[in-house]
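2 protein chains.
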Amino acid sequence: MHTGLCEQFGIEYPIFAFTPSEHVAAAVSRAGGLGVLGCVRFNEAEELERTLTWLDDNTDGKPYGVDVVMPMKIPTEGTSVDLGAMVPEAHKAFVDDTLRKLGVPPLPEGEGRAGVLGWLHSIARSHVEISLSHRPVLIANALGSPPVDVIEQAHAAGVKVAALAGAAKHAMSHVANGVDIIVAQGYEAGGHTGEIASMVLTPEIVDAVGPDVPVLGAGGIGRGRQIAASLALGAQGVWMGSVWLGTEEYRNLSSNAAWETAFTRATSADTVRTRVYTGKPARLLKTKWTEAWAEEGAPQPLPMPLQNLLVADAHSRMNAHGDPDVISMPVGQIVGTMNEVRPVADVVADLVAEFEETVARLDKLRG
Amino acid sequence: MHTGLCEQFGIEYPIFAFTPSEHVAAAVSRAGGLGVLGCVRFNEAEELERTLTWLDDNTDGKPYGVDVVMPMKIPTEGTSVDLGAMVPEAHKAFVDDTLRKLGVPPLPEGEGRAGVLGWLHSIARSHVEISLSHRPVLIANALGSPPVDVIEQAHAAGVKVAALAGAAKHAMSHVANGVDIIVAQGYEAGGHTGEIASMVLTPEIVDAVGPDVPVLGAGGIGRGRQIAASLALGAQGVWMGSVWLGTEEYRNLSSNAAWETAFTRATSADTVRTRVYTGKPARLLKTKWTEAWAEEGAPQPLPMPLQNLLVADAHSRMNAHGDPDVISMPVGQIVGTMNEVRPVADVVADLVAEFEETVARLDKLRG
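So the protein lines, in turn, are chains V and U.
Sequential numbering from 2 applies to the first sequence in our numbering.
Sequential numbering from 2 applies to the second sequence in our numbering.
Where hints are given, some of them may not hold.
Note that identical chains are pooled: a pair holds if it fits in a single copy or bridges any two copies.
Straight line, CA to CA, 20 Å or less: simulated DMTMM-like cross-link-like pairs of lysine to aspartate or glutamate [unchecked claim]: (1) 365 <-> 355; (2) 63 <-> 296; (3) 161 <-> 150; (4) 102 <-> 324; (5) 287 <-> 196; (6) 365 <-> 213; (7) 161 <-> 110; (8) 161 <-> 90; (9) 102 <-> 351; (10) 161 <-> 181; (11) 365 <-> 58; (12) 170 <-> 271; (13) 63 <-> 196; (14) 161 <-> 97; (15) 102 <-> 83; (16) 365 <-> 8; (17) 63 <-> 261; (18) 102 <-> 150; (19) 102 <-> 347.
Worth flagging that the hints you see were computed from the coordinates, not collected in a lab.
Please read all numbers here as calculations on a predicted model, not as lab measurements.
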């Protein structure tokens with residue numbers, strides 16, 4: 002599984018692991034892939050600073066990356082209080098009412114959170130600043146091209162820039178802006194995603210950006226066969242997110258028996274693409290929470306970043322409550338094959354072994 | 002590209018070509034794949050009889066298959082007149098009004114058609130009867146398992162039975178009913194399709210039915226790289242439909258400059274999954290016709306088989322009118338790479354060549 006990206010980043014396998022957990026990211030990097038730490042959850046600069054220092058110290062000198070959320074169109078700025086005032090009362094009432102119906106109690110006094118500020122442009126910029134004072138080899142932007150000055154800042158520090166794209170025209174625009182690597186994010190992916198499936202999207206983007214721009218296949222990739230398929234489609238590597246939510250290392254971030262129950266029993270049909278998580282279409286586990294938003298009479302989700310402010314506290318309450326039927330979790334259609342909790346190293350070893358078996362099997366079919 | 006299915010059917014490549022055109026089917030079979038004639042368009046037994054005789058005479062003795070549309074749940078039977086009475090007047094008015102707004106004139110006197118009766122169970126059964134008096138090697142059912150007695154009838158004649166599935170549980174039920182081959186039809190496919198993308202669906206179905214049941218990957222397959230990806234995912238062959246709508250041989254069925262303009266300019270984002278074609282979710286080219294049905298105030302599509310009765314005449318009128326913006330055509334997301342009209346033999350040759358290149362490229366990545 003050795004492609005040009007392995008040389009470029011000094012990694013053994015072109016497996017890029019997007020994860021909010023520094024423990025998962027470190028374990029993937031140590032296992033020969035590239036762990037990419039999602040920064041959106043860090044509201045406080047000091048917390049990200051501490052976490053990156055921990056990563057520096059726990060990756061055995063292996064490379065890692067970071068992922069920020071920087072919309073091309075800069076959303077309304079302000080403190081969380083200012084933005085909070087823009088959330089309609091009817092929406093707040095719907096959330097309160099839904100949680101009451103679903104039996105989710107309030108958090109203990111003082112444990113709520115203000116919403117995820119990482120969706121704000123200013124905070125995402127501070128994530129880039131802090132990251133560049135550490136040793137990431139890659140900054141990925143989950144919402145497309147970062148602003149050109151951010152790309153230049155990364156390049157000046159010798160750091161490559163990746164951007165997600167759900168359509169060939171977006172990929173070409175990212176490349177024109179100076180982005181180095183395109184993550185072709187197919188319909189079946191967890192989190193923000195478009196409508197074009199990986200089988201079609203990956204080769205389309207590969208052909209559109211040409212041979213000098215490496216493409217990572219994303220969406221629908223949880224097994225070695227799927228890595229082989231993605232590389233067959235022309236990707237030089239894969240970007241995987243959901244599979245790490247089923248690892249032992251992820252428990253360090255969120256020890257959640259309800260989530261483990263939910264994902265081990267879910268089939269590939271148990272996800273839904275909806276705007277209820279952030280305001281933009283994202284694929285989540287289908288639960289009573291997502292179903293409540295799909296019912297007749299439910300309000301339309303708010304635009305980013307207001308929707309996340311609206312539901313952040315609800316997410317904390319649902320996670321704390323521990324009912325596997327009432328969860329808010331981005332995950333892709335591969336959730337159907339996530340059936341047990343395993344160490345990251347075992348997951349990576351299985352991916353590599355199944356890839357090798359698959360390519361050997363295909364080779365026997367040649368004319 | 003040689004799998005067990007090639008031995009089983011006496012074909013050179015495991016490329017199964019679903020097509021309503023006997024000219025395309027014959028050309029695919031002559032080129033080393035398996036042409037599969039879609040029978041749903043044949044309202045008259047004599048016409049199907051003549052067409053299969055033509056196929057017998059024009060395939061150089063190579064094998065071919067047929068595809069019928071036999072719902073598991075038998076829809077209300079009756080003549081087209083009886084069924085026509087079940088179509089609400091408001092729906093008829095919406096169709097008339099939409100065609101008027103889109104500038105589509107009526108057909109010349111006497112050229113309308115009664116709707117596609119192939120959706121009816123009795124007609125689909127007659128398609129099976131007529132087919133078995135010819136020499137098909139495969140009967141596929143586009144809507145899942147055929148009734149068990151039809152499967153037994155096919156087996157008694159030495160004919161294999163294939164059924165489409167959009168979920169692993171449906172595939173397992175088909176196998177329990179005696180179906181021999183599963184077509185794993187992913188979200189990105191044209192025509193009737195579910196919500197799970199091929200990258201996830203194919204390996205899931207392969208694992209569910211086990212090694213003794215061959216699986217054909219369907220949805221998102223228009224190029225050799227995609228065939229390699231599908232075989233990497235565990236399919237023993239591919240089921241392709243959309244790509245043949247862009248061939249010279251297809252012109253024999255429907256010489257339609259408007260359609261050729263429409264598909265050559267369409268991107269992968271220009272399809273939509275909707276119930277407006279048959280009453281069940283099917284992916285079509287996105288046009289002013291599909292958009293009219295998505296507008297606020299448009300009626301909900303009727304259940305199968307009523308919806309097709311409602312819109313069959315409109316389809317004929319739109320095709321005769323020749324406006325590339327006003328077309329009703331099932332096609333998958335690969336329409337984005339259908340950019341020219343070519344002979345079937347060239348398409349097959351390119352599929353095989355790109356498959357071979359892809360597998361050779363993958364083989365170099367092995368550890």
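How the hints compare with the structure:
no.: 1; hint: 365 <-> 355; in the structure: both (16 Å within a copy, 16 Å between copies)
no.: 2; hint: 63 <-> 296; in the structure: neither (48 Å within a copy, 53 Å between copies)
no.: 3; hint: 161 <-> 150; in the structure: within (14 Å within a copy, 61 Å between copies)
no.: 4; hint: 102 <-> 324; in the structure: within (13 Å within a copy, 51 Å between copies)
no.: 5; hint: 287 <-> 196; in the structure: both (18 Å within a copy, 13 Å between copies)
no.: 6; hint: 365 <-> 213; in the structure: between (30 Å within a copy, 19 Å between copies)
no.: 7; hint: 161 <-> 110; in the structure: neither (43 Å within a copy, 66 Å between copies)
no.: 8; hint: 161 <-> 90; in the structure: neither (43 Å within a copy, 61 Å between copies)
no.: 9; hint: 102 <-> 351; in the structure: neither (42 Å within a copy, 58 Å between copies)
no.: 10; hint: 161 <-> 181; in the structure: within (6 Å within a copy, 50 Å between copies)
no.: 11; hint: 365 <-> 58; in the structure: neither (44 Å within a copy, 35 Å between copies)
no.: 12; hint: 170 <-> 271; in the structure: between (30 Å within a copy, 13 Å between copies)
no.: 13; hint: 63 <-> 196; in the structure: neither (35 Å within a copy, 39 Å between copies)
no.: 14; hint: 161 <-> 97; in the structure: neither (43 Å within a copy, 56 Å between copies)
no.: 15; hint: 102 <-> 83; in the structure: neither (29 Å within a copy, 47 Å between copies)
no.: 16; hint: 365 <-> 8; in the structure: between (28 Å within a copy, 15 Å between copies)
no.: 17; hint: 63 <-> 261; in the structure: neither (29 Å within a copy, 53 Å between copies)
no.: 18; hint: 102 <-> 150; in the structure: neither (47 Å within a copy, 49 Å between copies)
no.: 19; hint: 102 <-> 347; in the structure: neither (40 Å within a copy, 60 Å between copies)
Of the numbered hints given earlier, the model fails hints 2, 7, 8, 9, 11, 13, 14, 15, 17, 18, 19; all others are met.
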